[in-house]
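Undergrad: Below, each chain spelled out in residue letters.
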Amino acid sequence: MSPALAQFAPLLAQVTIHNRTGGNAPCQAQQGKVFCFGWAADNFDRYTTPLLNQLLLVLIAVAIGFAIAFAMALISHRRRWLVPSFTGATGVLYTIPSLAFIFLLLPITGLGWTTAIIVLSVYTLQIIYRNTVAGLNNVPMDSKDAGRGMGMTDRQLLWRVELPLALPEIIAGLRIATVSTVAIATLMVFANVNTLGAPLYQQIDFKTNIVIAGGLSILMAIAFDLMLLLAQRLLAPWRRSQREATP
Amino acid sequence: MEADGRTPAASVSYRDVTKRYPGQSSPAINHLSLEIPAGDICVLVGPSGCGKTTAMRMLNRTVEITEGDILIGDTSVRDRDPSELRREMGYVIQQTGLFPHRTVADNIATVPKLVGWDRERTRKRVGELLELIGLDQSEADRFPSQLSGGQQQRVGVARALAADPPVMLMDEPFGAIDPINRERLQNEFLRLQAEIRKTVLFVTHDIDEAIKMGDRIAILKAGGHLAQYATPAELLMAPADDFVEDFVGADRALKRLALMRVRDINLWEAPLAFVGQSTAEIRAKLDGAEVPHALVVDSERHPLGWLSESDLRADTVPEKPDSGPQPLLDLDDVMRDALADLLQTETQYAPVTDARGRIAGVLSVEIISEFLVSPEAKVEEHDAVERPHGQ
Numbered sequence: 003m004s005p006a007l008a009q010f011a012p013l014l015a016q017v018t019i020h021n022r023t024g025g026n027a028p029c030q031a032q033q034g035k036v037f038c039f040g041w042a043a044d045n046f047d048r049y050t051t052p053l054l055n056q057l058l059l060v061l062i063a064v065a066i067g068f069a070i071a072f073a074m075a076l077i078s079h080r081r082r083w084l085v086p087s088f089t090g091a092t093g094v095l096y097t098i099p100s101l102a103f104i105f106l107l108l109p110i111t112g113l114g115w116t117t118a119i120i121v122l123s124v125y126t127l128q129i130i131y132r133n134t135v136a137g138l139n140n141v142p143m144d145s146k147d148a149g150r151g152m153g154m155t156d157r158q159l160l161w162r163v164e165l166p167l168a169l170p171e172i173i174a175g176l177r178i179a180t181v182s183t184v185a186i187a188t189l190m191v192f193a194n195v196n197t198l199g200a201p202l203y204q205q206i207d208f209k210t211n212i213v214i215a216g217g218l219s220i221l222m223a224i225a226f227d228l229m230l231l232l233a234q235r236l237l238a239p240w241r242r243s244q245r246e247a248t249p
Numbered sequence: 306m307e308a309d310g311r312t313p314a315a316s317v318s319y320r321d322v323t324k325r326y327p328g329q330s331s332p333a334i335n336h337l338s339l340e341i342p343a344g345d346i347c348v349l350v351g352p353s354g355c356g357k358t359t360a361m362r363m364l365n366r367t368v369e370i371t372e373g374d375i376l377i378g379d380t381s382v383r384d385r386d387p388s389e390l391r392r393e394m395g396y397v398i399q400q401t402g403l404f405p406h407r408t409v410a411d412n413i414a415t416v417p418k419l420v421g422w423d424r425e426r427t428r429k430r431v432g433e434l435l436e437l438i439g440l441d442q443s444e445a446d447r448f449p450s451q452l453s454g455g456q457q458q459r460v461g462v463a464r465a466l467a468a469d470p471p472v473m474l475m476d477e478p479f480g481a482i483d484p485i486n487r488e489r490l491q492n493e494f495l496r497l498q499a500e501i502r503k504t505v506l507f508v509t510h511d512i513d514e515a516i517k518m519g520d521r522i523a524i525l526k527a528g529g530h531l532a533q534y535a536t537p538a539e540l541l542m543a544p545a546d547d548f549v550e551d552f553v554g555a556d557r558a559l560k561r562l563a564l565m566r567v568r569d570i571n572l573w574e575a576p577l578a579f580v581g582q583s584t585a586e587i588r589a590k591l592d593g594a595e596v597p598h599a600l601v602v603d604s605e606r607h608p609l610g611w612l613s614e615s616d617l618r619a620d621t622v623p624e625k626p627d628s629g630p631q632p633l634l635d636l637d638d639v640m641r642d643a644l645a646d647l648l649q650t651e652t653q654y655a656p657v658t659d660a661r662g663r664i665a666g667v668l669s670v671e672i673i674s675e676f677l678v679s680p681e682a683k684v685e686e687h688d689a690v691e692r693p694h695g696q
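So the sequence lines, in the order shown, correspond to chains W and P.
First residue of the first sequence? That's 3 in the numbering used here, and the numbers climb one at a time after it.
First residue of the second sequence? That's 306 in the numbering used here, and the numbers climb one at a time after it.
Fair warning: there could be bad hints in the mix.
Partial list, derived from the structure: chain P residues whose beta carbon lies under 8 Å from chain W [stated by the list, open to error]:
(1) MET361
(2) ASN365
(3) ARG366
(4) THR367
(5) ARG391
(6) PHE404
By construction, these hints were calculated from the structure, which means they are not laboratory data.
Using N, Cα and C, we set each Cβ at its ideal position, and we do this for glycine too.
All chains, full assembly: derive it from the sequences and hints.
TA: Pasting the structure below:
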């Protein structure tokens, strides 16, 4: 344990050192002020790289997490006995605190993007897997019966009936997973990836900085959420008409 | 699918079929043999748990046969790839099983797409079927949830007919529909069937539906035993055993009326009074007539009404007698409906006309009640004597 911890210590030290550098003297003097527009306008470009990094990190992590969780859901779909172990395994992974997770990966993948992507992808598994399984389970029996009775093979039934009908729940899972990934991505500064967490932790006592870095992160989460909601509306138009028909 | 459109219906033959589920001591279907001629509706009926759905599902191999064989034409279903086999069978189920995420048109096009029809052919076929089930073309792009239950079930039937299958499987297709719409859908389907002549395997638990829909009825009892396989009329006249008798119900003589047309019974003759004829002649005819009233008809023998006592006091037969001819029945009316008409209008007699509206005879409540107690329909009193209540 201790050698690994020793490896981790400089990282934390780095964060505290960063804390003292940067900033803007006249604005920092007004500690009580919540937001300093002048400073924000002058210094906005320092958030561009963290913002783009975080965006990329979230996209990659959710894409990988989705690919794995979706594959797991398909594998366990026709092998029901796998569901409890898959749910259990992804559940256990979900409980690992993110700092501890980075720390655990340190001897294997070191610090950097790989570690960050692994951590974030793993956290999405539970939510995406559970929602996909639930979506597939909720496909009406008679739709499946009719599909099979009309001569669909298992594969045709899956892609033409079951998955389209499970889509709203799958996207609902993606929405939760993406929003939480955006939040956890800020912490990936501890894996030495320059996300919005970097400026955030650098000047933790400077409110304007907190508002910009935190605000950008929140906006990113909201933007992802709305985009996925829109995708759900477009991909499952029958859902809305169903609601209209049965008020 | 032939070049000229129609696929001919195929006969279906169950040969000593048994289904045993693993871990169950008694079979679900026990040595079932049925011959279903091409183009007939065979209804599988029986109490719940009798295995009627299992029997049907073995035909499309959604349930596998344990012993015996089922032939479609001369080909065993065992020799067919299950998916290909099912694409050649229409499949209609109780809750419609329509795909909620697909439009009406896409639902109907399911099997044509599976068997690889081109777009144009599929589109044309969907249009034909919408017309056949009486749904407006504008409904084609709606989702099933936007249709009424009756419309959904019609789309279910259209979807089953899409690739013109020689055989149709219908599992309680009208079971979830309210009674008024069910009756309408049943009639529609019978009209459709007269046109398309598919071999239909129809599952229901409702004996009235079975009698109405079936050319042949297979009554199954618990344990998957075939109790009787017969035409509806045979079933009502000669139940094979106590089970069938019970299942068919004590009112089976009345049920027989549903199978009969007015032309199937010997009608009475009423003295005819032509408009303008002298009433004295009519009076003479009334003595000893089967019907004690004279029916006024025009020169074409179209009934106009009944001659009343006051009408008879005039010299000649009037054009408009005091009482009209209602209810006016047709030779092709179903006997049960005719009886209902008689009872509803509270009259003893109803003139019956042929297809051209000319008088063919008179039906009375008495004729029907005589028929019900005649030996060929008489069953109830016999029951009451032989079997005590509560059995």
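Undergrad: The structure should be examined with respect to each hint, and the outcome stated for every one.
TA: Right, here's what the structure says about each hint:
1. Among the interface hints, the one on P:MET361 is violated; its C-beta lies about 10 Å from the nearest C-beta in chain W, farther than the 8 Å criterion.
2. Hint status for P:ASN365: holds, given a least beta-carbon distance of 6 Å to chain W, under 8 Å.
3. Of the supplied interface hints, the one on P:ARG366 is violated, with its beta-carbon coming no nearer than about 10 Å to a beta-carbon of chain W, more than 8 Å.
4. A least Cβ separation of about 6 Å between P:THR367 and chain W falls short of the 8 Å threshold, and the interface hint therefore holds.
5. Taken as an interface hint, P:ARG391 checks out: its beta carbon lies about 4 Å from the nearest beta carbon of chain W, inside 8 Å.
6. Using the Cβ-Cβ criterion of 8 Å, the hint placing P:PHE404 at the interface with chain W is satisfied: the shortest such distance is roughly 6 Å.
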